[in-house]
Each structure stands twice: as C-alpha cells, then as structure tokens.
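A.B. asks: The lines below spell out each chain.
There are 4 protein chains.
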Amino acid sequence: MSHNSFGHLFRFTTWGESHGPALGAVVDGCPPGLALSEDVIQPFLDKRRPGTSRFTTQRQEADRVRILSGVFEGRTTGTPISLMIENTDQRSKDYSEVAAAYRPGHADYAYDAKYGFRDYRGGGRSSARETAARVAAGAVARLVIPEVRIRAWVEAIGGDAIDPANFDDSQIDANPFFCPDAAAAVRWEAMIDAARKAGSSLGAVIACEATGVPAGWGAPLYAKLDAELAAAAMSINAVKGVEIGDGFAAATLSGEANADAMRPGEDGPEFLANHAGGIAGGISTGQPVRLRVAFKPTSSILTPVPTITRDGDATDIRTKGRHDPCVGIRGAPVVEAMMALVLADQKLRHRAQCG
Amino acid sequence: MSHNSFGHLFRFTTWGESHGPALGAVVDGCPPGLALSEDVIQPFLDKRRPGTSRFTTQRQEADRVRILSGVFEGRTTGTPISLMIENTDQRSKDYSEVAAAYRPGHADYAYDAKYGFRDYRGGGRSSARETAARVAAGAVARLVIPEVRIRAWVEAIGGDAIDPANFDDSQIDANPFFCPDAAAAVRWEAMIDAARKAGSSLGAVIACEATGVPAGWGAPLYAKLDAELAAAAMSINAVKGVEIGDGFAAATLSGEANADAMRPGEDGPEFLANHAGGIAGGISTGQPVRLRVAFKPTSSILTPVPTITRDGDATDIRTKGRHDPCVGIRGAPVVEAMMALVLADQKLRHRAQCG
Amino acid sequence: MSHNSFGHLFRFTTWGESHGPALGAVVDGCPPGLALSEDVIQPFLDKRRPGTSRFTTQRQEADRVRILSGVFEGRTTGTPISLMIENTDQRSKDYSEVAAAYRPGHADYAYDAKYGFRDYRGGGRSSARETAARVAAGAVARLVIPEVRIRAWVEAIGGDAIDPANFDDSQIDANPFFCPDAAAAVRWEAMIDAARKAGSSLGAVIACEATGVPAGWGAPLYAKLDAELAAAAMSINAVKGVEIGDGFAAATLSGEANADAMRPGEDGPEFLANHAGGIAGGISTGQPVRLRVAFKPTSSILTPVPTITRDGDATDIRTKGRHDPCVGIRGAPVVEAMMALVLADQKLRHRAQCG
Amino acid sequence: MSHNSFGHLFRFTTWGESHGPALGAVVDGCPPGLALSEDVIQPFLDKRRPGTSRFTTQRQEADRVRILSGVFEGRTTGTPISLMIENTDQRSKDYSEVAAAYRPGHADYAYDAKYGFRDYRGGGRSSARETAARVAAGAVARLVIPEVRIRAWVEAIGGDAIDPANFDDSQIDANPFFCPDAAAAVRWEAMIDAARKAGSSLGAVIACEATGVPAGWGAPLYAKLDAELAAAAMSINAVKGVEIGDGFAAATLSGEANADAMRPGEDGPEFLANHAGGIAGGISTGQPVRLRVAFKPTSSILTPVPTITRDGDATDIRTKGRHDPCVGIRGAPVVEAMMALVLADQKLRHRAQCG
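Protein chains in written order, with the numbering used here: chain V, 1 to 355; chain F, 1001 to 1355; chain W, 2001 to 2355; chain S, 3001 to 3355.
Treat the hints as calculated values from the structure; they're not laboratory data.
Heads up, the beta-carbon is just placed ideally off N, CA and C, and yes, glycines get one too.
Incorrect hints may have been included.
[Said to hold, decoys possible] Keeping only pairs whose Cα atoms sit at most 20 angstroms apart, straight-line, the calculated SDA-like set for lysine to any residue is:
1) Lys320/V to Glu1256/F
2) Lys3197/S to Leu2253/W
3) Lys2197/W to Ser3254/S
4) Lys1320/F to Glu1073/F
5) Lys320/V to Ser53/V
6) Lys3197/S to Ala2257/W
7) Lys197/V to Lys320/V
8) Lys197/V to Glu1073/F
9) Lys1197/F to Lys320/V
10) Lys320/V to Tyr95/V
11) Lys1197/F to Ser53/V
12) Lys3093/S to Arg3121/S
13) Lys320/V to Lys1320/F
14) Lys1197/F to Leu253/V
15) Lys2320/W to Glu3061/S
16) Lys2093/W to Glu2270/W
17) Lys2093/W to Glu1073/F
18) Lys2047/W to Arg2322/W
19) Lys1047/F to Thr1088/F
20) Lys320/V to Ala1261/F
21) Lys1047/F to Glu1189/F
22) Lys3197/S to Arg3059/S
23) Lys3093/S to Arg3066/S
24) Lys3320/S to Lys2197/W
[What the hints assert, rightly or not] Derived coverage of chain V by chain F (criterion: at least 3 residues anywhere in the stretch with Cβ under 8 angstroms from a Cβ of chain F; other residues may be distant):
25) 56 to 68
26) 162 to 171
27) 183 to 190
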C-alpha cells in the first residue's frame, strides 16, 4: 500500500508540491523495449500546461519533463522510469493570509486536521499542479496500449452543455476548451471571460472515450475496470462525480430501454447500444469505454467567504492570485491520462492471468 | 494485489459463486478485543436477504453466517476472521439456455471473453449474491468505527425521487424499499408491482450518509476517501454512477454557490453548507460524508432481447427465473457496508500515520 | 496489504486456528482452465498430515480438503478458490496451564504483548497447523507451473547431515523423514526415538530444489525471486535461517571459487557450477533453484523451563501433549509448497511485464 | 504491487541506474512533524560512500542527497519525500566487452533473458549503487523509531571471523571494515589488500542488532518481522543467506539448549537467553533483534572466467575497472538501513491495528 501510488502492475508514484523545487513520478512495471524519450511525453504535458490562454491560470510553467532512469538507448528497460518536472514559477508572494486562515472548498482545513500543519504555499501537495505528474506517467502508459485510442473533451461548462448533434472530433483541439461543438465554444468563451473578470468560477463535465479496448480487460470483483476508473477519476482534484456509460440516467430507465442487445458481427458480437459504457461485470466488452466526470467550480474566488483562522477565529477570505476560472478544462488531459493508466494496468493484469 | 480483496489495513477477501455450496469473506487486519459473534452480523444480512417481500427475488436463502476463525471467547483476536454463508436454495433449474447464449447487460459475454468459459449457473461469481459476503464483512467493520453512524436509503426508483421535504429517518426501515418518504413508498409499491408483473425492471438511486466521521480521515492522493468510496460503490453489481456531495450538480454551480463557508463552532469549525459531501482534498472535514449511487435496472427481463450464442449465432433471450425487479433496493445495505468498510480502513490508516 | 496473504498475482490468504472448527485458504488470481479437484490437492496434504508415524505428533487429523468455489466442471474459472479443511481432533484437554503462563520459544508471550490476549488452545493462530492451508494452496500453484519439478528433503537432523555421496532421490519418500540417504535415515530413526522418549526435540535442515525454472523469472529489486523465497521460508513456523545456493558458505569463498562459469549449451548457456542457486540479480538463470532452510527444535519439551505467568510471576512450565519431536520433518512438504507458490506468482508477473 | 517498492505503511520506491544521471527514492507514508533535512541523511550516506579508503571501489561519488518534496519548514508533512542523489563519476569507459558478453555471477545474463536487453553500463539497475537510495530512505525511517538503536558490523571476511571475546562496540567505526574486533581488523586489512592486488575478492558476514524494539511489533503470518527482515536482507546485492538469532546453528540444538527461558523483570519478562533473535511467532519479544547476513565475494575479478557472448559463443571475461574487493563491507550500512526500514513499517502497522 502506498497512498501516492496508483496501479498494480503498471504502477506510478507521484511526489512534489506546488511550490517545491520540482515534482515527478516514478513509473514501475513498464514492459521493456518500448520507444520512449522526453519528446514522447512533452506533447501531453503541453496540453495540460498552464498559461497558454487567458482562460487558464496565468502561472507560467514550461513543464519540461526529464527522464532520469529506466530508458537506455531510447527504449524502456523494464526498470523504474523516473520523470521529473522542475517548478520554475513559484512566485514569491505573501502567503501569510492563506497560512493563517482556511480557504473554504480547499484542502487547507482537512490537511491541518490530519497532519497538524501544512505546506500552505499554493496548496502544497493538494494543488492540481500534481496532475502534471499524472499526465507524464499517462504518456508512458499509452505506449503499453497502442491498440487503444483515448479522447477526452469538455461536455459542459457551468451547466451549458454541448449539442451532441454538433459533435465534431476535429474541433476538440481547435479551441482552448477541448470543446467538440464549435457553437458551444463561442458561448463558453464569453462565460469564462465573464467569470474571470468577476473573480468567479465555473464547474465542468468532462467526457472520455477509449476505443479499441478488446473484450476481457478488467479484474473482478474489487479491481473491476469501472471501479478503477471511478477511483482514478475521483482522485483528480475538484472531481465530485463519475459515471460509466449512461450513469445516473441509467437509473431512470427500464430494463428494456437499458438493454445493450447484440447480434453477430465481423469479429465477435456487434452491440446495438452502449448504455453500459463498454463494461459488464467489471470487464470490457469490446465496445468503447465511456466515462463522464464532474468537476466542481474552482474554489478560489474573489468574493469574500466566511471562514475561520487556524486559531479558530471568524474571518473572511478572498483567494487572490492566479487561478483557473474553470479548473475542469485542464482536467481533460488529466482524465485522458488516468484512463490510459488504468487501461495499461488492466492489460498487463489480464495478460498475467489469462495470457 | 488481490482482485477479490478490498481495503488495505482493514481488508476483506470474498469468495463464492451464486450456485456453489457456500460463499464467504476473510476479514484481515481487524483490531483485537472487539466483541463479535454471529448475532452481531446477522441483522445486517437480514436486511439484504432475498425473499423477504414480493418486491425482491423469490430465491429463499436463510443467509446464516458462521464465524470460522479469528474470534476467541467472544472477542476478535487480531487474526483473520473467516465468515461463511451456505447457499441453500440453488434450485436445480435448466441452465442450458443461459449456458448457450449471452444475456445482454449481464457479465456473460465479458466473462467468456476474459476467461474462455464461465460458471453460468445464476451468474456464477458475477452474481449479486456475492454482496452478502460484503454485508457480513461490513458488519465487522462497523465495530471498528463505533463513533460513526451510517445510514443508506433509496432516493429514487425509475426516475421517481423522494421529496426531501418528506424525509423521515424513521420511515427507512418501515417499508420494503428503504424509503424515507412515506408518500414515495406508496408510489414505488405500485411501480414495482407493475414492473414485476410485466417482467420488466427499474433502476434506482441510493443515498448514503455517514455522520460522526472526525476530520482527518483519508489518505491523499491515490487513496483519497472519496476515491475509495467511488471504487467501493462502483464495484457493486449494477452500479453505473457515483457522486460525493453535490456530485454532477456541483458542475453547474458557480464558485460562490458551491462554497462551504465556515464559522467558529463548539468543537472546531461549523460549516454553513456541505456541497462537498464532507470531503476536501480526499480527507474528511468532520461534516457528514455523503454518497449517491446509481443502480441500473436489473438486466434480467422477460422481454426477448436480441443476442448471440456462444457459437456466434443470432438468437433472442428472455431471462426467466427469480430476479429482483429493482436490484437497487437491496443495494442499500450493500452501500452501507461498503461505506463502513472504507471508513474502518481509513481510520486504521490515519491512526498508523498520524496517530 | 494483508498480513495473512502471500503473493501478488497468484495470491493466497489463509485463516484458521489450531483448535477452531476449520482452517483454510483463499487462492486468488489463479489462471482459468486448469484441471482441479480435491484429488489433486489431497496427496500433498497427506504428506504433511500428522499422525502417520510415531515420529510425528499423534494428533489425528484426516486433513480432508474441500473446494468451495472457483472450480466449475472440473476446471478453475479464474475466480477465487476457497479451500477448507475441518479440524476433527481438537482434543478437549485442559488448557489452564498454558493459558496462565508463557511457553518459552512459543509465540505465547509475543501474541499477548501484541494483541492483549490470545487464543491459547494449541497455539491458536501461531500453530504449525496453519501450514496445512499453505500446502493446499501450493498444490494449486503447481498447476500453474507444470514445467517445474519441485523436490524437498531433510538434509540434517540434530546436526547429523546426510552424506551427499549417498543421495538417492527415490529414498526421499521411502522413509518417514524425507531422507534421501538410507543410512542417515537409520541413524535419524534412533535419534528421534530417543528424543521422543526423553520428551526432548531436535532441529533440522530442509533442502529444496526446483528444476525446469526458465531463465527470467523474478522481479527486481524488491520482489527478487530470492528475496521472496527467503520471506516465504522464514514465514514458516520454527524457521530461523535461509540460504540460496551456497548461502553462508559463499561468504567464505574467493570470487574465483564462487564463479558460475558458462559455456555454450544446447539451449542457451550451460553453467559449470551453481554456487548462486539458480538466481542472479534476483532473476532465475535457468539453473536449478536451490534453497536451504533451518528449523529450530520444537519448543514443546517435557523438561520444565523457567518462565513467567500472565500476571508476571515466576513459574516453570513443561509442555505436555502431542508434539512433533522434530517439527522440521513435516516442514519439507511446506517448503515445497512455498517454493511452488513463489514460482507460480513470479511466472505470472513475468508474463505480465515481459510476456 | 510495485517491484521497486518496499514496505507497506512506511514505504519507499527506488529508481536509477549506475550510470544514469541520478538515482533516488520516494518515501511514502512517513508520519508528519518529524525534523528532517539533508543533514540528517548525509552521515548515513557517507558511511556507505565509495572511495573513502583503498579497501573499497575507487569510484568517486560525493553522494550528496537532495530532498525535493515532503518537507516544509524543516519538518515532514506526511506527503511523499523525494530524495535524489546525482551520479557524478560515470567514467566514460569502454563498455563494448561487457555489452557483448555475460559476466558470471552478475545479473547480465538474467536481465537479458528477462527483458531482452539491458543497460550494461556499470551493471545498470542491478548495480549495488542502488543501495545508496536505500540508505537515504533508511535515514528517514530512523526518525520514525527513535526508541530503537540499530548497529551493524562485519563479523567475518573470507571465512575469518571476529573473536566474540574481543567485541568492542567503539571499534566498529574506528576502522574501514566496521569491525568490532581490533585484532581481526588488522588481519582483514592484509587479506583485503592481497585480494585487491590479485584482482580477487572475498565474501563477508554482516551482523546487525536492533535494541529497544518493544514487544509486539510484527504482523503474523505473512508479514512476520523475521520474514520481512529476511526479504529485506536478501534483496541486497550479493546476499545469499539470512539468519535470525542462532539461525542454522539452532537446527543443531536440542529443545532444551534452544529454550529462551524467562523470569520476572523490572518491565515485563527478563529473558535468560536469546537464541530466537528477539522474535517469536513473527513478533518481537522485547529482546534485541538479531540478524546475520551472508555476502558472496564480489563477482568482478581479474581472473578470466569462461562465459558466453550475447550471440551464444564461448569466450572468457575478466572484469576490469573499479570494484570493491569485498562488497560485504559496504553492505553493513545497507543492512542497518533495511533493518530501520522494516522496523519503521512494522511500528506503524502495529499502531494501526493494535494502537
């Protein structure tokens, strides 16, 4: 058991704080012989990188990854892969206010309650900055599952959802919102600008789909593919809900309406629907694996919120500084990474037991 | 790593199939000295037991638990607690149809794809009957967290939700639906009767609340309390969605509307709202821990559904036999058990690191 | 983490006390499709079974194993295999003396110090009776590694070693001592008879060899094949030392004398020596894997030994009852089982990462 | 499961190769609030550091540790502690010979057999250089167990053992051999000089004792204190044997001679002997915990040894370059570190279950 590790056979451990010298991940269990260099990882980090548009935090981080071990002559050796990203923009701001009082919605109070004190600079370990390490590890995981294509997008911001009829895969990387609906992207731009100017924030829903997953991945009962995806998604900062397939909507359906009927296909069964999100009994069915994730609005807002100090006195706190007005947007590459990490791990486990 | 185990320090491993001679759980890591006997466990099993009303499957199981180890002179010894429940009503029905073809929505096809063959009798290992072992283990977990009160109820059936204004805790055990709204219970009775007679089925939403959880439980980052609750819930048969606190609704809120403001209270902070469901940064805040779980409708329906045979030919299948018209109802005691199991484990982990 | 589990991908969890109703093991992660029935397991249990000669404890146990799950139509299904052995000869003796005072060399004092109290009947959980569950699990493990032949024997009793020149594989099962040297077996018979009559006891050294292990099994660095064998052996009751290959003798050699030179062979390298015991860098080399294990003399002796009571008073204790005069003898099948369990697990792990 | 991690609650993961840019460890699960800085760790690294006398490898490494996370304002925060040591002396030698042929006794052939290729520079991941990361992690572990004093020494080199009558604790750090017997140190100096000049090597036995361990640490059955010490020791490069207490000598004793009798003492029992090495039933008894570890002679020798090339052809190989003539000597601080790491982990586990 390691609290800061995830996965079993393809396993990664992350370390680092928002304002420490660096953060990183150690990936253990990676198969040998895979072509890996910094250039393979960097594009994924660049998608998550802050400061690339006015719609994300203005913190400037190059997020350059270094591979410190586990690769020889351009290939993975089967030994631990140490990935490090230096922090370069730890602005030397005044932390006295956040050191003294708890920001509601943040982990401040909970960390103090658990550990007795906390690294209050930029949220310390509880900062979403840690997700850079996941994205780097996720890029390695993708090498393990070349048969799988993973795609995440933003499905709704502040309750304003895309129109499925407008879904255009090519749009996802064409706007700063990972939005597959060009019309929605226009609306969201205005919404986020308004929120940013008001010092407010918005929640978001991310959808993620993995195609090419063969039938049979997943390890019932307590390492079910859907259970691990749920844990993976819920471990991301600000996530409050997870759905597989139809999710909560399935609870409103009749058994007839929810049935994923089958008929003979070219290679195995062809499914006539995918209410289940590609998973039955915790095992992939060969259909696309579908995950939806709810991100709460960024807790850092300029409106003063009543809170208490470490000494227990009443005060109000406004969270100044650089923040994402909608933290869910940059969550999309993180959800993709977690999907890759779960699938890589499950593939190896399947091979071990049933290979 | 053990696929059929859950938890780290308070850990249980389940075994058994729907139509095997027995099923059970081995609970490992339980603190010594706790008063335990079969009588402590049985009431929880009785809540989940099938055949107690016409609204659940008519399979008759006494679900009598036996403790085979780990208890001496009425107290836990700190060694593994082996719990066994014999299967008594494995009706010798004809399984030739389900052996030959895949029931859509069930794990039949996925198990065959993974393992090459399957125990098709009553769903084998993928049967919800396995959850009896969880409920038994959960009863032991409750002994570890006497400061916590856990309560689950059905919040909606087939899309028909309770009225929060009608919430009455004392109603939950007063009807066969774990329904806290007496008026809703009347409606649900009619709905389920109709579904049962039509050979149809309904989905459900279960809510679960744990009060008395002190601030500080949870192990960031990859064993966050919410991540483990999500995995625990998603590992239950038929579950497709999980929410902590406001869940997906939080994604529609502004940062201001979602803030859980604090003010000084008698013992630590008093919170003015609980959008977060009692968890921040993966750690409990001292507020009630709130979980919502979506159950899909029972996949076993009398309406024929197109499917394929093991040989890949087209056919239709109707699932005859004894089934819950709404499997989510009996999910309530299972969700409670999983909540207890996660919290007991997290308590021990917190004590280890911070105790 | 589960204290009573061993292995990672091929993993077993044991439960049960010496004088409880039963003991057992849950085997998780076993590949599907392997032919398994009670008849496959029973012969291994029979080798370890007490009461078969006057040289072992006179406790009479049939040690009949039952398979309660994980097997369907004679083959493993990939789901947990629950194995149970009922205790039949829990003689209702008077335990008041052992309940009140600590037997030196036994776990009595340590269990009380750890857990606050203990199941004192026959040693409770710390009884070597638990090893029956390991042997049962080990029989399943052997199915996973059909390419491997495992053989353990007794190499020395009470300091009297076999003569390697007399080694005769066919002798091992021809005497009650798993002794490959017919002459030594004659001497040991006299020694053990004398010890038994005097109420004394003797230590033993067990050797175990696995042939057919291909090169490449083992998971460096902290799951090295030799490290796992060492943990496996040291977890057996009464074991105090473990050697791989030449073991402590290697520490007296020069680098030249210890070198396992290689030359080209039919299939891969041919080794000119095996000082290393078939493992380099924690990974198998294709040579026979060689393990030696030291068992201390049975702690239960008739000579009174000074000790203290639970209340801290001085007393003397003699351990009456039924005991093995040389517990190491029945250790041989247990060492074999642990070797099989480690190798099966490592094979699956190798397949996962490098398969 | 993580192959490059060790421990459960106090857990560390190491990474890095002999000739990569750096190596390191991530320590997870450390309690918060402990005073930690590089200065706390460095002295332990300095004891293991190469190049400090002519009796060790002449590779020059400063072995300066950097703490990259998990410490704030001089105290551990409870989050992962990332420790990094840069490699500075990766001499750009010609590796063509070792790349082409397998060095007997090294992991070369086994790594190729497992992974298909290997980082051959200085042994890559299988180099004893990795143990620097263990020593750094071990220094953190010591903070968790301030009640324990751990001491390792060299007990024999090349079969020449210390005289117990000459044991002088103050001598251990007074010579380059961690030798507690001044007379033996003089003999060993000559032996190692001779071996070094001849390009030969010598094995060694390390003893390690932990005093102050309270009764009750250890987690039966498969995480017994002695089993974990055995795994920890056997995971160190070149180790071939492990003993707890009397070890193999116990196998030659009678039950009477091996009994650790007790009588009432000031605080709990007083033991009249410690054949068991302070562990009974896998749990500490309060006596000193005693471990002995056998190191084989360094496999790198100047005498040509027959071997094969990667292509399977016969050749001879001499291992030139910088090597420890007796690798066991620098094993002493590593054994100490592993003792500390096991005990810290067991302490936290004991507190979790029984605290």
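A.B. asks: Straight-line Cα separation of Lys3197/S and Arg3059/S no greater than 20 angstroms?
C.D. replies: 17 angstroms, holds
A.B. asks: For Lys320/V and Ala1261/F, compute the direct alpha-carbon distance and say whether it is at most 20 angstroms.
C.D. replies: 17 angstroms, holds
A.B. asks: Given the proposed pairing of Lys3093/S with Arg3066/S, does the C-alpha separation stay at or below 20 angstroms?
C.D. replies: Measuring from Cα to Cα gives roughly 27 angstroms; hence the hint is violated.
A.B. asks: Hinted pair, alpha-carbon criterion (20 angstroms max): Lys1197/F, Ser53/V. Please report holds or violated.
C.D. replies: 58 angstroms, violated
A.B. asks: Just to make sure I understand the rule, a stretch counts as covered if three or more of its residues have a C-beta closer than 8 angstroms to a C-beta of the chain. Does the stretch 56 to 68 of chain V meet that for chain F?
C.D. replies: violated (count 0)
A.B. asks: Take a quick look at whether Lys320/V and Ser53/V sit within 20 angstroms of each other, Cα to Cα.
C.D. replies: 19 angstroms, holds
A.B. asks: Mind checking the alpha carbons of Lys320/V and Glu1256/F for me, to see if they're no more than 20 angstroms apart?
C.D. replies: 14 angstroms, holds
A.B. asks: Hint check: Lys1197/F vs Lys320/V, CA-CA at most 20 angstroms. Holds or violated?
C.D. replies: Violated: Lys1197/F and Lys320/V sit about 60 angstroms apart, past 20 angstroms.
A.B. asks: With the threshold set at 20 angstroms, check whether the alpha-carbon distance from Lys1197/F to Leu253/V stays at or below it.
C.D. replies: 17 angstroms, holds
A.B. asks: Check whether the Cα positions of Lys3093/S and Arg3121/S lie no farther apart than 20 angstroms.
C.D. replies: 9 angstroms, holds
A.B. asks: According to a criterion of three or more residues whose C-beta lies within less than 8 angstroms of a C-beta of chain F, is the stretch 162 to 171 of chain V covered?
C.D. replies: violated (count 0)
A.B. asks: Given the proposed pairing of Lys1320/F with Glu1073/F, does the C-alpha separation stay at or below 20 angstroms?
C.D. replies: 46 angstroms, violated
Hints 4, 8, 9, 11, 13, 15, 16, 23, 24, 25, 26, 27 from the list above are not met by this structure, while the remaining hints are.
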